[in-house]
Amino acid sequence: MAPTTNTLDRTNYLNATKGFMSWFWTIDHKRLGLMYLWSVIACFIMGGFFAMKIRLNLMPGAVDFATQTAEQMNAYNNAFTVHGAVMVFLVIIPSIPAALGNFVLPLMLGAKDVAFPRLNRFSYHLWIIGALLFVATLLIGNLDTGWTFYPPYSTGHTDPSVITAVLGAFILGFSSIFTGLNFIVTIHKMRPPQMTWFKMPLFLWAIYATAVIQVLATPVIGISLLLILVEKTMQIGIFTPELGGDPVFFQHLFWFYSHPAVYIMVLPGMGIMSELFATFSRKPIFGYKSIAMSSIAIAIFSFIVWGHHMFISGQSDLMSVIFSALTFSVAVPSAIKVFNWISTMYKGSISFSVPMLYGMSIIWLFGIGGLTGLFLATLGTDVVFHDTYFVVAHFHYVMVGSALFGFIGGIYYWWPKMYGKVVDGPLAKVGCVLSFLGFNLTFLPQFVGGSKGMPRRYAAYGSEQGFDDWNYWSTMGAMVLLAGLSIALFGLLRSFFVKGALSPANPWGGVTLEWQTPSPPPEHNFEIDPPTVGDPYDMSLVEYRGEVEGFLPVNPREDDPCVAYIAPEEA
Amino acid sequence: MNMYTLLSMMLQHQKEDFFFPSQASANAATVDFIFYFIFYVSLFAFITIVLATAIFAWRYRRSKVGMTPEDSPHHSTRIEIVWSVVPSIFMVMMFWYGFEDFTERRTPPADSYEIHAKASKWQWEFEYPNGASSFGFIDAGEYQGKGLFVPLGKNVRIRLESSDVLHSFSIPNFRVKMDVVPGRYTDVWFNAIELGDFPIFCTEYCGTKHSRMLSKVHVVSEEDFAVWLKENQEDPNASPVDKGKRLFSAKCTACHAVDGSTKIGPALNGKYGTIENIVGGTVTIDDNYIRRSILDPSADIVVGFENVPMTSFAGQLSDDDISNITAYLKSLTE
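Read top to bottom, the protein sequences are chains E and H.
Per numbering that gives the first Met the number 0, residue 0 is the first one in the first sequence, and the count goes up by one each step.
Per numbering that gives the first Met the number 0, residue 0 is the first one in the second sequence, and the count goes up by one each step.
Looking at chain E on its own, in the form it has when it is part of the complex (with noise of 0.2 angstroms):
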């Protein structure tokens, strides 16, 4: 047998245990990690096949605008508004924190597991309960509201399913909450003692920064949505102003925890950028620092610019201006990524496999995303672009663009560790890069619909409004997305049902903890206690060694895991 650091055929976290329960009723954050990520992925594929109903339906001549009845109307608001809150609810907010965060987070620290195993296990069940929930209403019932739930439209004048959706949400927040309680309890508390705040690696940074938003922000979304069912079921005037209420007032609720929980979205996926970038070109990331406080001033600024959202909602126009300054200042940190991966790929030795792809179109994406963003903070275009396809555009290609590509080129990095088996073939550089064309196809047209005037969240428009074309190349995207997505989760599931390439430990070259120890790794993360710590980004730790097909430390210490596995066969 030749020398291996894949533990596929020894005990390892996957087969150490057998059953349904063993599973379901696990503490171990790498099964809770993995059980999160294919629940989300399940939810992606629904709130997928909505995404696919929207844009058939707005293809033109798919509808005929004069003669489209009541029900069809409904029926597409109906889709739009399951898109939208399964994907933000049920699969962005939790895909990159819930799923990679549990199985990454405790291996990145050399640790066993997070600080609170059950509470861990409780967040996932409470996940699964409110995922349900929602689920069950959305389908069920003719939730009509959009994923913003506005009074007083949610509140009196739509059918009750609102009142399940909205306790499914509350439930989705907790499970939240007690995640990002976990997380920032576990890097505080878990770091091996030679692991400084400084020696970090930057996806810790950036979900700890995610975790504190998580922490603060989305108890405030929990009371919103409970005075939404309060106003809806006993009929106290919080928002609808028949009953003494103002619907401004819950915008303001809506938003300061829904501007932040974007970057919940969007800051873990920002984390894999910067371990992707250093990993890939092998080089150590430009300007460390940097990228880590930027991360917790991404963090800090996302609470007070939630009014950006409500320029023209009748707040007042001195807030409006204040928001509009404060909302630039997000963008700076943000630029400095950016400005710090292109970097640290100069001089760099770079690797096209598959999540360095993901990286790299991330940039494009991002960049788009970003940049469209300026024209949303300035007040002068943003009235103009509110409201209109110009905003779902870019939201896109942050949510999508910059979110999503980061969860699935992050799927492809942690794979190996998951399941002890690369995906890296030419099938899944296809998907990727399809994918990255059918996206740009979606939304590059909608942002010039959306200059013209395009509103969201119609159910038809008529050929004489002129949007048309740009419906077209949209729809025609949105096949060459999925046509992309698919081929890229079949790459994953085709490794996970067939004996596909084995992993070493190290296939990458990564230095930060979780790649110490072998692919899948044993129940306990580590079988020795604490691994050795350096530099998360000096690449000169590790180096190439033919006969694993991997990468092993320069310097091993004798009861390195890795090097133990080896040395029988050696010997």
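Hints were generated in silico from the structure; no laboratory data involved.
This structure is a prediction, so every number in the text was calculated from the model and none was measured.
Heads up, simulated BS3-like pairs for lysine-lysine below, C-alpha to C-alpha not over 25 angstroms straight-line:
(1) E:Lys-111 with E:Lys-17
(2) H:Lys-229 with H:Lys-244
(3) H:Lys-63 with E:Lys-428
(4) H:Lys-244 with H:Lys-215
(5) E:Lys-346 with H:Lys-63
(6) H:Lys-215 with H:Lys-14
Derived CB-CB ranges, DEER-like:
(7) H:Gly-303 with E:Glu-463: 30 to 40 angstroms
(8) H:Met-92 with E:Asp-534: 37 to 47 angstroms
(9) E:Asp-316 with H:Ala-25: 17 to 27 angstroms
(10) E:Ile-128 with H:Ala-109: 56 to 66 angstroms
(11) H:Ala-109 with E:Met-478: 53 to 63 angstroms
So, partial list: chain H residues that the calculated Cβ filter (under 8 angstroms) puts toward chain E:
(12) Pro-20
(13) Ser-87
(14) Arg-105
(15) Ser-167
(16) Thr-185
For glycine and all other residues, C-beta sits at the position ideal for the given N, C-alpha and C.
With the hints as your guide, set chain H onto chain E.
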């Protein structure tokens, strides 16, 4: 005249261009100038990013498996300060232009001609100072009602109000948009500089027929506007049936047809005096039932329409109005 005004004049394009519909209001050119300023700055930044990524990716591609590159700097305070400060300067400019323009557009001139726009699910209703009124929405793919009329070259302030949910009043050609919020007034103002018809959209989701809450603004010369106003002034001597018909087409036709077809709600022709199935029993459609249905629509809902609750018109329609509408509905049975 400062640099900024000069540049925005140079960028006037009047006709539709790649990104925007025609500039039909006086300050549309300013917005477009800000857009193109941000656009070219962003385009430059984006091209730089794309080129840098592509060139580095190609130039420094890995030639040998697992190769470690020569050591190179991984930190530079000077360059990091440059790429933080330079974008910040441009962002301050963007903020400032946007702020100036916003302040201008949020401050209607004192001499503005005031028109009231009332939004309700799913139509616009416009009231002019002399009592004339008009409305607009889409039915069967066609624009219904006369829409909004405004005089060319005059400052016009539209005061916005909503009787039910949030709406938003948007005219892309004028580059104006403002939410219409129940329980308070908001406004927009503009000075139309191009004759013609331009679309009005509702841009805040408001329920089933949000996509049909469309109308048109007609920019006409001052003389034509004066004529139009006079023609559309309500005739105080009109019969109750005529007054009722006028009210009905402005307030009710978005949901109720009078040709027997079902829209959001049931058709209302030939109903007066008949017996109707309602949730929990039957009712004779008489003056009191019509009154109750207008003021408290959820009290007796016709079977089959339980899921499309109607909004109360209490406070919107006076006793005289209701009586006129009743007279009109009665006339549809005769």
